[in-house]
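Novice: All chains should be modelled from the sequences, with the hints used to inform the complete structure.
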Amino acid sequence: MHLRLQSFPPLGEVTTLSPGPVQLTVVLEVPKIHNENLWEVEIWGSIDRSTWAVHKLQSCDLNFEPVSLRNPSSSVTTLHFSTTLCISSEARFTLRFRRGYGDVWSWARDVTGYDDGYIVVSQPGALDDSPLPLPELSSEWVIRDRASQTPGTKLWAIEVGLGAAHNNTPALKCAVIGKPWGTFLRWFALVRHKSPWLGPRHGKTDVYLDQDAIMCSFQNERGQHVVLLAVTRDNLVESVLRDTPSGGIQLHARSDSTRHATTTVLVSLGHSFDSALATVMYEARDICSPYATTREAEQSSEQSSDDVVRPAWYENWADGLGYCTWNALGTGITADSLYQAINDLSSNGIKFSNLIIDDGWQSVTTGRVRGWKSFEAATDTFPSGLKATVSKLRTDFPEIAHIAVWHAIVGYWGGISSDGEIAKRYQTIEVQCGSPYYQKIHVVDKDDVSRFYGDFYKFLEDAGIDSVKTDVQHILDCLVDAKPRRDLITAYLDAWTLSSLRHFGSRAISCMSQFPQGIFHSHIRQNHPAFVVRNSDDYFPTKPSSHTWHVWANAHNSLMMRYLNVIPDWDMFQTKHEYSGFHAAARCVSGGPIYITDVPGEHDMELIKSVTGMTVRGKTVVLRPSVVGRSVSVYVGFEEGQLLKVGSYHGPSGTGSPILGVFNTAQRSLAEIIPLSSFTGAVPTLDYVVRSHSTGNVSPRIKCGEQNAIISISLDVRGYDILTATPLALFPGDRWRHIWVGNMGLLGKMTGCAAIVSSAMRKLGNGRLFVETSVKTFGVLGFWISTLPDMSIDDDFMITMQEQPVPRHVAKVSSSSDRVLEVDLETAWKEMGLRSGWSNEVQMKVYFST
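Going by the working numbering, the sequence shown opens with residue 359, and the numbers climb by one from there.
Mixed in with the good hints there might be a few duds.
Said to hold, decoys possible - List time: in silico DSS-like cross-link candidates among lysine-lysine, alpha-carbon distance up to 30 Å:
1) 745 - 709
2) 1170 - 1188
3) 750 - 967
4) 731 - 552
5) 1203 - 1188
6) 1121 - 1203
7) 562 - 552
8) 841 - 552
9) 414 - 390
10) 731 - 804
11) 798 - 841
12) 782 - 552
13) 782 - 841
14) 934 - 750
15) 731 - 798
16) 1170 - 967
17) 1061 - 414
18) 804 - 841
19) 750 - 731
FYI, nobody ran anything at the bench for these hints, they're computed from the structure.
Specialist: Below is the structure:
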């Protein structure tokens, strides 16, 4: 029998609420054939540590039911129940339900697998006098108070010394930190999921880490959060966090320095995870900046290789739709297969701006350890050379604005061929690599690495390449011996950064670089334009179990990566795949670049259209929100079977559009109740309407904190949706007392609100309302107007584009909502014969009577 059950506050999570009465609401989905039964739902719980008892729920009043944006179902009935609880400090609860009086009760855990829900009433107050919340900290640590840059938080730095490395043997140190507060409710960590990649881990009560962690966070029963950040501050000392046999935390540090050294763990205490994490990340920026290359990077980012200033706006590169050859063509790529793949895309009407020629184009040796031989492309697969290949692509496909090539940071996976052309031109050194490579390779030595990168990138520029994807960066951290690590890690990271900026501006992708030195030496620096940085392990289209984890890991990695000077890249995806929409939606809310990697002939044009838009100049761009997307349920684990919720935001602070991507990463259908307050950037004083991308349905006007400001959502396996909250402006009217108006952006696009460049509304002296907006691309522009059902488009509206009236038929009332006015921008533009002129935006004005 089809049954879905969830509540808000939810089962299986810890929810922190403000003091006051708690409205608990339950959604129960049952087969329509059982609709005649008098379903009952009860809470079984303990309030303020009292004896567990039953609390009966009542059916929701229709005026206070959660908002549902789904289309009506012929087979399922959705029931809502609620009650008010009086909680002083905390409550723990589960749910039970039955089909009518006399039937057997079913327990939520048996049906859903969810653990008990836990409600914590926040205890606001200053933390200035709070002691360090680490009662088990070993005595060898030195504790230093630090000034927090985040209001309402407390910050400490705890430090411990290490010995000196001896010859090629590093110094190692373990020091116990223990359990924050001695006990906690939930923990979350970002670990080195693999050597190059971060990944999330979650748990309760005791910490268990299967891999080294960079950051750990903890939540207690008072609604407080502690965040620990292990800082790798000078690249000679690498610091990580590990678990202890008793379920606590310990530091593990390695020093390659020839002198005694000190390592630091930052500790913050706050009333929210976001504020506590921000505290340690801001401090880490300050700690690490003295050890970063600063002025040289600033100068290089401003100059080209010939010292002529070139304007290089990062947004222009990242906003273009990209195509990557990796999953489409693999390492067997040839000049012919590359041309055929792009020609196939073009003939199918897929125009993209950014091409990435991935692994496979280089001239490398054969065998187990494959080394790079020369700058020129492999002669057997690119017989005309790289320059001729690129020139033909640019000539035949002028819509391609930027072409990048892939390479490893040390050349190739096996470094440099010891007898190749590169080895003859530059000084090389043999080094031993540990896990996962376990091999000796040759690399360009530290004294020549800057010249090597300068020459290589000059060769690429001459060949028509204007961007790079630099991979395998973690191999620097795989070096076994202390001296090569001292000599090479910083030398390579700095040489690559400076050469990339000098030759390509910020058109560079850093890949496999989520290792400690990559994070704290390269990515945290704020003295150059942001690079795109791959945010997780690869997209694997042929591994079914990898798809949901890929999105889950990216959403959680972004929690920390958003504080670095990077644009998180959630990797490419294929548009013709059972998870294609799932991945597309995730990339749209990520805030990062979007690339496809379609096999020739396998494309979903409608999906591509929902991800992109066409500018007035004919360029295909993606609609990236202003704010990086990240998980909003920090302490919920992947195996717990809850919906993944990814929060993003677009527009000015306070008046922009909150975005929530919702993904079913479980292997069963799920239902959930989501409060408007969980949308990133939702302002308590504003009214909103929420639109579902999947159905096009729009909520009534709702406001954070109000009883009906909760949204009921239900998703099948592989299901996803994007919910966008449009802020509303209130105006007095002549015919109506109040008129609420909101600019929804482009309807039919996954993140259509991100098309909005500017939006302004005001009431004119003649009593008419005036809405002026500019958008990035063509599409159907939507406006929510509370009085639209009582208005006439013919009599009450005047709409102009580029100051000229649009044809009447391009404006209509939406079929999904009688309060949404739709304007077809592309049809209007074409029929009016407009030209872009100096602007690359569509400028719209709407006047209507009140």
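Novice: Could you run down the list of hints and mark each one as holding or not?
Specialist: Here's how the hints hold up against the structure:
Of the pairs offered as hints, the one joining residue 745 and residue 709 holds, with about 22 Å between alpha carbons and a cut-off of 30 Å not exceeded. The suggested pairing of residue 1170 with residue 1188 holds, with an alpha-carbon distance near 18 Å, which does not exceed 30 Å. At roughly 27 Å between alpha-carbon atoms, residue 750 and residue 967 fall within 30 Å of each other, so this suggested pair holds. In summary, the hint linking residue 731 to residue 552 is supported, as the alpha carbons are separated by about 28 Å, within the 30 Å threshold.
With a C-alpha separation of about 17 Å, the suggested pairing of residue 1203 with residue 1188 holds against the 30 Å cut-off. At roughly 13 Å between alpha-carbon atoms, residue 1121 and residue 1203 fall within 30 Å of each other, so this suggested pair holds. A threshold of 30 Å between alpha carbons decides the hint, and for residue 562 with residue 552 the separation of about 23 Å falls inside it, so the pair holds. Distance restraint check for residue 841 and residue 552: the Cα-Cα separation of roughly 24 Å lies within the 30 Å cut-off, and the hinted pair is therefore satisfied.
For the hint linking residue 414 to residue 390, the alpha-carbon distance of about 23 Å falls within 30 Å, and the restraint holds. With a C-alpha separation of about 19 Å, the suggested pairing of residue 731 with residue 804 holds against the 30 Å cut-off. A distance of roughly 15 Å separates the Cα atoms of residue 798 and residue 841; the hinted pair therefore holds under the 30 Å criterion. In summary, the hint linking residue 782 to residue 552 is not supported, as the alpha carbons are separated by about 34 Å, beyond the 30 Å threshold.
The straight-line distance between the Cα atoms of residue 782 and residue 841 is roughly 24 Å, inside the 30 Å bound, and the hint therefore holds. A C-alpha spacing of about 28 Å is found between residue 934 and residue 750, which places the hinted pair at or below 30 Å, so the restraint holds. With a C-alpha separation of about 17 Å, the suggested pair residue 731 and residue 798 falls inside the 30 Å cut-off, and the hint holds. Taking the CA atoms of residue 1170 and residue 967, the gap is about 21 Å. The hint holds against a cut of 30 Å.
The hinted pair formed by residue 1061 and residue 414 meets the criterion: a straight-line CA distance of about 27 Å does not exceed 30 Å. Restraint check for residue 804 and residue 841: the C-alpha separation of about 11 Å stays at or below 30 Å, so the hint holds. Under the criterion of a C-alpha separation no larger than 30 Å, the hint pairing residue 750 with residue 731 is consistent with the structure, at around 25 Å.
Hint 12 alone, counting from the list given before, is not met by this structure.
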